[in-house]
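Enquirer: Here are the chains, one letter per residue:
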Amino acid sequence: MIETALLALTLALYWGFRTLQAKVKSPLLNPVLLAIACLVPLLIYCHIPYERYMAGGRFINLFLEPAVVALAYPLYQQLALIRAQWKALLVTLLLGVLLALTLTVLLAWALGADKTVALSLAPKAVTTPIAMGVSQKLGGIAPLTAVLVILAGIAGAVLGPWILDKAGVKSPEARGLAMGCAAHAVGTARMVEESPEAAAFSSLALSLCGILTALLAPLLVPLLTEWMT
Amino acid sequence: MKLLRAVLILFSCLYLGKGLVYLSHLPIPGSIIGMLLLFLALSSGLVKGHWVSPFVTPLLRHMTLLFIPAGVGLMNYLDLISSHALALLGTTLLSTWLLILAVGTWHQRRQPHD
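Quick mapping for you: the protein sequence lines, in order, are chains A and B.
Under numbering that gives the first Met the number 0, think of the first position of the first sequence as 0, with each following residue one higher.
Under numbering that gives the first Met the number 0, think of the first position of the second sequence as 0, with each following residue one higher.
Simulated from the structure, these hints should not be mistaken for lab results.
Nothing false has been slipped in among the hints.
Computed cross-link-like contacts, DMTMM-like style, restricted to lysine to aspartate or glutamate with a CA-CA straight-line distance of at most 25 angstroms:
{"no.": "1", "chain 1": "A", "residue 1": "Lys-136", "chain 2": "B", "residue 2": "Asp-78"}
{"no.": "2", "chain 1": "A", "residue 1": "Lys-136", "chain 2": "A", "residue 2": "Glu-225"}
{"no.": "3", "chain 1": "A", "residue 1": "Lys-165", "chain 2": "A", "residue 2": "Glu-192"}
{"no.": "4", "chain 1": "A", "residue 1": "Lys-86", "chain 2": "A", "residue 2": "Glu-196"}
{"no.": "5", "chain 1": "A", "residue 1": "Lys-169", "chain 2": "A", "residue 2": "Glu-193"}
{"no.": "6", "chain 1": "A", "residue 1": "Lys-114", "chain 2": "B", "residue 2": "Asp-78"}
All chains, please: the whole structure from these sequences, using the hints.
Expert: Here is the structure:
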């Protein structure tokens, strides 16, 4: 009974905050962040363990993996765009993914994280279903990664366009790639407001960086964290 | 019926991907292999775009909903999060902003001026 009620509440919170965001158009009003911020204190206050919540929540989780497969579709729609400049795109995104993994692990180490935390942080630039899969493979804590991914997305959507303005990055291709590479779906949603071209390149970066991270992280990250405790 | 066909194609790709990962022991999530399989099927014309779009379009539109139950899982790690708050927040924010700056600047510089 309570499991079904919590599932319904999750859907209601998502729908409510999504409607609110569509009206207010502020990246800070992220529906995922707000729904989590409502659910976690509620569950703790009512002494409901996460496992009990997931008895209903797993019906939503069922769609996580199919959602990754579904990302093939936007990628396919941009096939012509990719074919026309695939070399430059691949170089940029490959360097982006290598930089993302290295930078994240080194910053985590510099700020005093232990190995498990660093492994959970490593894939945080890519979309949640991929990041959680990679985190699990690496030996990180997948739910922690999920939260960090959302945080990275919001951070990118809020300050990213301003950073690009200050750096004089005007090309919509470059702006889209940067946002999709570092802030995945949340950053892409922000680029949709900017221009269709930036949005297309952002969703391209979101899919390709996801694939590249899934392929490269299991090879690179253990080397970077080998000497960490 | 059209939705059923789309769901079947997507899940076939997913479970083929999982099967391949299981057999090959590749350190890659099965869903990624599934994505590559669907991409190949679409670009080779084996699968038509409108066969999968009835499921893919709503799934991608509401993809963020799927992150909520996973994110609520953080309630089991509140101690870890509060004891590593600086590392977690600092790393996530700084690396995201630096990455946007680096990728944007790099790609604009490499692009042919038009």
